[in-house]
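Engineer: Residue numbers (the numbering used here), protein chains in the order written: chain A, 300 to 633; chain B, 300 to 633.
Derived from the structure by calculation, the hints contain no laboratory data.
Just so you know, even glycine gets a beta-carbon here, dropped at the ideal spot from N, CA and C.
It is possible that some hints are incorrect.
Said to hold, decoys possible - Quick list of simulated restraints, FRET-style, between CB atoms:
hint : chain 1 : residue 1 : chain 2 : residue 2 : range
1    : B       : Gln392    : A       : Ile389    : 22 to 30 Å
2    : A       : Leu552    : B       : Ile405    : 52 to 60 Å
3    : B       : Thr306    : A       : Gln302    : 22 to 30 Å
4    : A       : Pro305    : B       : Ala339    : 22 to 30 Å
5    : A       : Arg586    : B       : Asn589    : 30 to 38 Å
6    : B       : Glu426    : A       : Cys548    : 53 to 61 Å
7    : A       : Glu565    : B       : Gln378    : 20 to 28 Å
There are 2 protein chains.
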Amino acid sequence: MTQHWPTYRLQQMLGINKPLILAPMAGAGGLELALGVSKAGGLASLPCALLEPATIREQVSAFRETSTQPLNLNFFCHQEHPIDESRQQIWLQSLAEHYEKAGLNINAISPTRGRASFNDELCSLIEELKPEVLSFHFGLPSPSLIERIKRTGAIIMSSATSAREALHLESEGCDIIIAQGAEAGGHRGMFIETNPHAQCGTMALVPQIVDAVRVPVVAAGGIADGRGIAAAFALGAAGVQIGSAYLACPESLISDLHRQALSQTEDHSTVLTTVFTGRPARSIENRAINELGATPAAAPAFPHASNAIAPLRAQAEQEGRPDFTPSGQGKRLG
Amino acid sequence: MTQHWPTYRLQQMLGINKPLILAPMAGAGGLELALGVSKAGGLASLPCALLEPATIREQVSAFRETSTQPLNLNFFCHQEHPIDESRQQIWLQSLAEHYEKAGLNINAISPTRGRASFNDELCSLIEELKPEVLSFHFGLPSPSLIERIKRTGAIIMSSATSAREALHLESEGCDIIIAQGAEAGGHRGMFIETNPHAQCGTMALVPQIVDAVRVPVVAAGGIADGRGIAAAFALGAAGVQIGSAYLACPESLISDLHRQALSQTEDHSTVLTTVFTGRPARSIENRAINELGATPAAAPAFPHASNAIAPLRAQAEQEGRPDFTPSGQGKRLG
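Please work from the sequences and hints to get the whole structure.
Structural biologist: Printed below as a string of structure tokens:
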């Protein structure tokens with residue numbers, strides 16, 4: 300067989316043909332996109348962080364009916380914080396003007412769905428569904444949950460935004476590390492690092508993580524075509540994880556409004572912001588970021604910021620405005 | 300002849316053997332470092348932004364005595380702003396406590412050296428010295444100065460931090476564009492972009508600039524060893540510009556204190572800050588950044604912030620503390 304790739308380490312571990320992982324994009328990438336990438340030889344990922352267990356079960360079942368290829372289920376792994384009522388009040392005050400303009404009742408905010416941190420119940424679901432791969436964002440579950448996952452035979456992946464985060468993940472039993480450069484769309488996976496403005500770009504991060512750990516490293520962030528994939532291998536990565544570039548596919552779940560915003564995105568259009576969920580995530584600059592600030596002190600801890608943003612977003616989207624819609628980086632490449 | 304590099308476009312234009320440019324690092328890289336890189340086959344750069352014309356003349360003369368290789372002279376090209384006295388007062392107020400602690404007189408601050416924007420006088424010097432290459436940061440000089448430079452036969456380079464900045468440089472007659480990714484040490488070259496937090500990483504920036512312009516593109520930012528050079532070529536660059544990785548060389552002019560800080564630098568240690576000069580630059584997080592904020596509203600326009608920082612820096616360095624010393628990213632690679 301001709302060697303097509305610089306290394307087959309990732310393909311062998313994951314049972315895939317191409318060293319490419321579909322980035323799990325909660326709310327944006329679903330079953331159809333996963334099936335498409337799987338069919339093309341990459342690793343299918345289902346973002347499960349916003350889904351109820353019953354829906355996860357349905358989606359895995361639907362995937363298995365169509366594909367015999369491996370499947371990655373992705374979960375958040377954040378430390379859960381109760382709502383801080385006094386901070387919530389300051390946050391609501393800073394949003395009051397927007398609620399008034401939108402004609403919405405700020406006293407009728409209901410908690411948004413999902414975003415549970417990976418827990419005992421979800422681990423039981425994993426034991427039942429037996430995905431070939433399990434990936435986490437914001438660290439890893441407790442050692443006892445890791446042990447239960449390992450017994451299912453699943454490969455464990457998680458994101459690192461610095462070499463010390465990568466070392467921590469490796470020491471806790473992570474099999475593959477996603478080196479998430481600052482260019483990446485979506486939430487920063489940071490769990491030891493705390494300053495979003497000190498996050499390292501993909502070009503500098505990948506070789507530093509490759510030098511730090513022994514497990515395979517997957518490059519993520521700013522990779523949107525063959526040039527980025529080749530560059531990632533040159534940096535020492537065993538493969539790539541690609542997200543934003545898939546958002547333009549017909550299989551992605553994003554709205555027409557989001558699609559339109561992405562098509563107009565340029566290389567200077569996005570920033571890291573906490574306004575949408577409380578954790579730093581990359582988004583196209585929009586009204587919410589401009590008027591509230593990218594990282595306002597009042598933004599409640601993850602995921603509680605999203606409760607109060609959700610009604611504003613829904614209302615604005617209905618009127619055709621992406622004012623409160625978080626949007627990934629969406630490169631103009633490819 | 301065997302082809303050693305993916306393209307020889309840059310080497311041919313610049314008359315060098317290796318597609319590598321020494322990043323001009325004002326205050327950190329001088330004649331010895333330039334001679335060293337030149338001897339190894341790369342393009343020697345002399346940072347001239349902080350030098351008086353007489354010193355520039357001396358350094359060029361010293362370079363020519365030792366080397367027959369091409370030489371790049373680098374200048375700043377910022378729009379000059381007079382000191383805004385009321386803003387200066389707010390800035391001094393925010394520094395008052397630090398002056399008091401250091402036992403320094405805040406009323407005895409004198410303007411710091413150099414940092415003139417490229418002007419008629421410097422252009423006359425270029426006509427006299429005839430460097431093979433001239434590079435600029437913060438845009439380009441006026442069309443009439445560009446025309447005078449072109450008549451000397453010099454190749455003109457400048458930095459772009461977005462595709463639209465690259466397009467602007469190309470349209471003004473820039474021969475080679477340095478795509479300066481957010482990882483880069485030193486000042487951001489941004490001249491159309493205004494938000495340091497929206498600056499794009501090297502991995503995403505290089506292919507977007509390569510797609511936008513016809514002139515050769517040089518990748519800069521986060522490149523510190525052969526892996527980064529190979530990655531830059533994969534992204535479509537014709538060569539690389541490397542800075543921080545050279546700071547550890549014996550030929551660099553940095554202090555022992557700075558050397559020590561660099562050796563302890565990790566991938567999460569630097570941020571973009573305006574505290575040292577008034578323009579965003581990458582620096583290791585230190586006391587000044589932590590206590591004043593990375594981008595304080597009160598920081599005067601470039602280069603006036605540096606006047607008031609200089610005495611604090613000198614005093615702290617004398618006592619062995621890098622509290623007010625700006626330091627580049629200094630990768631732990633290679």
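Engineer: If a hint holds in the structure, say so; if it does not, say that too.
Structural biologist: Structure-based check of each hint:
| no. | hint | verdict |
| --- | --- | --- |
| 1 | Gln392/B / Ile389/A: 22 to 30 Å | holds, 27 Å |
| 2 | Leu552/A / Ile405/B: 52 to 60 Å | holds, 58 Å |
| 3 | Thr306/B / Gln302/A: 22 to 30 Å | holds, 24 Å |
| 4 | Pro305/A / Ala339/B: 22 to 30 Å | holds, 27 Å |
| 5 | Arg586/A / Asn589/B: 30 to 38 Å | holds, 31 Å |
| 6 | Glu426/B / Cys548/A: 53 to 61 Å | holds, 55 Å |
| 7 | Glu565/A / Gln378/B: 20 to 28 Å | holds, 23 Å |
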